[in-house]
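FYI, in this note's numbering the residues of the sequence shown are 33 to 856.
Please note: incorrect hints may appear among the correct ones.
[What the hints assert, rightly or not] Taking lysine to any residue pairs in the SDA-like style, the calculated list, with each CA pair at most 20 angstroms apart, reads:
1. 337 to 134
2. 151 to 134
3. 253 to 243
4. 330 to 319
5. 848 to 814
[Claimed, not checked] Quick list of the computed label-pair ranges, beta carbon to beta carbon:
6. 834 to 499: 46 to 56 angstroms
7. 714 to 351: 22 to 32 angstroms
8. 84 to 740: 21 to 31 angstroms
9. 49 to 169: 36 to 46 angstroms
10. 731 to 169: 25 to 35 angstroms
11. 722 to 602: 49 to 59 angstroms
12. 515 to 714: 17 to 27 angstroms
13. 742 to 573: 23 to 33 angstroms
It should be emphasised that the hints constitute simulated quantities derived from the structure, not laboratory data.
Every residue gets a Cβ at the ideal spot worked out from N, C-alpha and C, and that includes glycine.
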Amino acid sequence: MTIPSFNTALNLHGKYALTATSRDIATTITLPGDVHGALLAADLIPDPYYGENEKVVMWVNETAWTVERRFEASATDIDGYLTLTLSEVDCIATIFLNGEEIARTDNSFVRHDIDVTGKVRAGDNTLRIEFDIAPDVAKARSDAHPFPIPFTYNYQTNGLKGIHMNFIRKAACHAGWDWGICTMPIGVYGTMSLRKSRLARQESVEVNQAHGANSVELSIKTRIFAFAHGEVELEHTIAGQTITDKVSVQKGENVFTHNVIIQNPKIWWPAGQGEQPLYELTTNLEGEVTTRKIGLRKLEWIIEKDEIDHSFKCRINGRDITMMGANWIPADAIPSRITPTVIRDLLESAKAANMNMLRIWGGGQYEPDYFYDLCDELGILLWHDFMFSCMSYPSNREFLASVETEITQQVRRLSHHASIALWCGDNEVIGSLNWYPETKADPGRYLANYDRLNSMLHRIVEDEDPARRFWPSSPSLGYMDFSDGWHSDTRGDLHYWDVWHSAKSFDAYRSVNPRFASEFGFQSFTSMNVIETFSEEKDRNPSSPVMENHQRNNGGNARIIETMTRYFRFPRDFDQMVFLSQIQQGLAIKTAIEYWRSTKPRCMGTLYWQINDIWPVASWSSLDYGGQWKLMQYMAKRFFRLVNVVAVPNAENTAISLKGINDTGSAASLTLDVQAVKVTGETRTVFSGKAAVGPDAASVLATMSLSDLADDEFLYFSWKDAAGTTIGENDYFPKPYKAYELVQPTIASSWSDRDGQAVLTLVSDKPAVFATATVDVPGYFSDNALTLLPGKPVELVFHPRHGASVTSADLRNSLKIRNLAETF
33 MTIPSFNTAL NLHGKYALTA TSRDIATTIT LPGDVHGALL AADLIPDPYY GENEKVVMWV
93 NETAWTVERR FEASATDIDG YLTLTLSEVD CIATIFLNGE EIARTDNSFV RHDIDVTGKV
153 RAGDNTLRIE FDIAPDVAKA RSDAHPFPIP FTYNYQTNGL KGIHMNFIRK AACHAGWDWG
213 ICTMPIGVYG TMSLRKSRLA RQESVEVNQA HGANSVELSI KTRIFAFAHG EVELEHTIAG
273 QTITDKVSVQ KGENVFTHNV IIQNPKIWWP AGQGEQPLYE LTTNLEGEVT TRKIGLRKLE
333 WIIEKDEIDH SFKCRINGRD ITMMGANWIP ADAIPSRITP TVIRDLLESA KAANMNMLRI
393 WGGGQYEPDY FYDLCDELGI LLWHDFMFSC MSYPSNREFL ASVETEITQQ VRRLSHHASI
453 ALWCGDNEVI GSLNWYPETK ADPGRYLANY DRLNSMLHRI VEDEDPARRF WPSSPSLGYM
513 DFSDGWHSDT RGDLHYWDVW HSAKSFDAYR SVNPRFASEF GFQSFTSMNV IETFSEEKDR
573 NPSSPVMENH QRNNGGNARI IETMTRYFRF PRDFDQMVFL SQIQQGLAIK TAIEYWRSTK
633 PRCMGTLYWQ INDIWPVASW SSLDYGGQWK LMQYMAKRFF RLVNVVAVPN AENTAISLKG
693 INDTGSAASL TLDVQAVKVT GETRTVFSGK AAVGPDAASV LATMSLSDLA DDEFLYFSWK
753 DAAGTTIGEN DYFPKPYKAY ELVQPTIASS WSDRDGQAVL TLVSDKPAVF ATATVDVPGY
813 FSDNALTLLP GKPVELVFHP RHGASVTSAD LRNSLKIRNL AETF
């Protein structure tokens, strides 16, 4: 049977007039897009990321803007019911069609489907969107609220004081954060189209899975909005099966469920654990065709009483798998710069570093469809916060009604994705009740206010996506538990920030034993070549105004430097300080993750803060703004190895255990070789033997007393698999690096081309610690920030970014090799 094609869409993307009458500005803007991007393209503002230009362009978000365009519609285009769909209007706006007001928007996370039947003419039409000044609207709403609801301290950046982002629905970090620039972008993103329907349009398609022994039954729930009573023809195609149905619809929303059984299914696994096969589901409603990729997997969160307190672990296809990854923030503070190419690059870097989960943080945004498609493709699971962070929110009827639409739409849009692992109510909102004078003075009121919102989120998830776990907050100890989740490590998820915010030693990471560490981090400076993009040479000092403007956490630069003096000798210049800060950052997070993973099955998740940056800034990220790998990203690739060996000192730092970690479903047979290495290069073997680590387990492979090491020795250990292939190397320095008289090595390099890839070989004459190779071509090496032993060659394969093709000839002239000894 052939479904008739009545339903069509007219794309409204393209060039619009952009005006601000109060400032006598008239230019153009490409939508989807944002005002900052348009003003940059017209040379009407300087780059906000350069120097202190952020302060110069603050007027943009304090201005009322209008966008307008004419479009042609034929008689055929308007022969039916018409819907103007705008998937993301950011943020407070009035929409006009041919001079008539047709909608008002105030939630950038809500898709607007506006009935414009009879309002579009054959021939010329005009669409106009007038944006209000969002900070003014937010303040007015706050002033009118019956009791004060404080905004987060993070917004007090560069003169934008008192912006009550909790009263409007847009990405909270648009107003600045302790890693983010304050841009407060204005624009329209995503879908902009005029949809023609004979009788009805698609609203959403959700897919639930029931797994049997050799089959998966899919329940496909289609929501259809009908403009009138009648019949429509609906078709689903998946896995070679087609369901065609003529269904009766009533005016308004209609729900239809169809079931499909897939025999001998190809099962989807997270990255590192198996393949990611995807079945294409095509839905056709009389010519309105949508497609979705479906990964078949069974995912459960096991939160149950155990001998410690309560477990917190993710069971996928019957296996309890440790979640390894990082937190995700929006990819750019200027939304028009966020593209599928940018997102793919960042996500592929996550997978390349052995990550299998990212946490979409609640102060950012729901990402575009292609983001989730890529996560499905790459096997990256998502802990997904709803967009509430670090402050209380109103719970009046109007606010809750808007949020109910938002959450319902987003869950329906995204629930078919294999990558969505968990819905979380917010980021740190429970904790924030203890941060502000107003909330501390009246805890009962603000707790009741919080529960009104949070319980609604829970209900929506239970109603719309019952197969998935709702987790009330991050961190949280669990359902209806509003106690302190920041310092309890026996259940729930934990945010551990004492090493950064309280300036504790890296060893403090070993003083807590989380069940799931969903946020923790340590800062570094962004890389030197990135610093050069926003500064002049005179600015390249950690205390310069420009460098301090590109550091949003109070005292952040001082904390980086103060910590540096604990572990390293003071660097000899600013360039070396930047390099050393990245070594230090990686060392901090390596200390945490190696220890927490070694406590498996107690700890079943480590998601560090954060993988990416929203602009060039000193931050906790392991990727620079633009996607370049910082040193921690290389270290993450090693400390997230599925089969790993790590050194765990005892509390007194007198003895060390070498623990094997196996995050695969099969037992690992290892041959472990442990050497004591003098900083001058002499080595001796202190342990060599075979060991086994069970599937999905961690166990002690060897122990030794640190008194057996000389003052100038450190541990270097490597392990081979049953076939004799070296699968990992690691080291452990029992004292701060500053205590060692490191010898400056000579590192020889040579290039070759092999199988279409450029390969760099490094050989050192002395132990080289954190030996790092860089080139000017965008990309990353297969490893970096390495410990090189004398005379032992190491091969590094270069991976160009964005699908580029390079040879060694393209790389050799810009090669630089650094190591820790040269920083002093």
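Hint by hint, here is what the structure shows:
{"no.": "1", "hint": "337 to 134", "verdict": "violated, 54 angstroms"}
{"no.": "2", "hint": "151 to 134", "verdict": "holds, 9 angstroms"}
{"no.": "3", "hint": "253 to 243", "verdict": "holds, 17 angstroms"}
{"no.": "4", "hint": "330 to 319", "verdict": "violated, 33 angstroms"}
{"no.": "5", "hint": "848 to 814", "verdict": "holds, 16 angstroms"}
{"no.": "6", "hint": "834 to 499: 46 to 56 angstroms", "verdict": "violated, 36 angstroms"}
{"no.": "7", "hint": "714 to 351: 22 to 32 angstroms", "verdict": "violated, 44 angstroms"}
{"no.": "8", "hint": "84 to 740: 21 to 31 angstroms", "verdict": "violated, 54 angstroms"}
{"no.": "9", "hint": "49 to 169: 36 to 46 angstroms", "verdict": "violated, 24 angstroms"}
{"no.": "10", "hint": "731 to 169: 25 to 35 angstroms", "verdict": "violated, 58 angstroms"}
{"no.": "11", "hint": "722 to 602: 49 to 59 angstroms", "verdict": "violated, 44 angstroms"}
{"no.": "12", "hint": "515 to 714: 17 to 27 angstroms", "verdict": "violated, 54 angstroms"}
{"no.": "13", "hint": "742 to 573: 23 to 33 angstroms", "verdict": "violated, 39 angstroms"}
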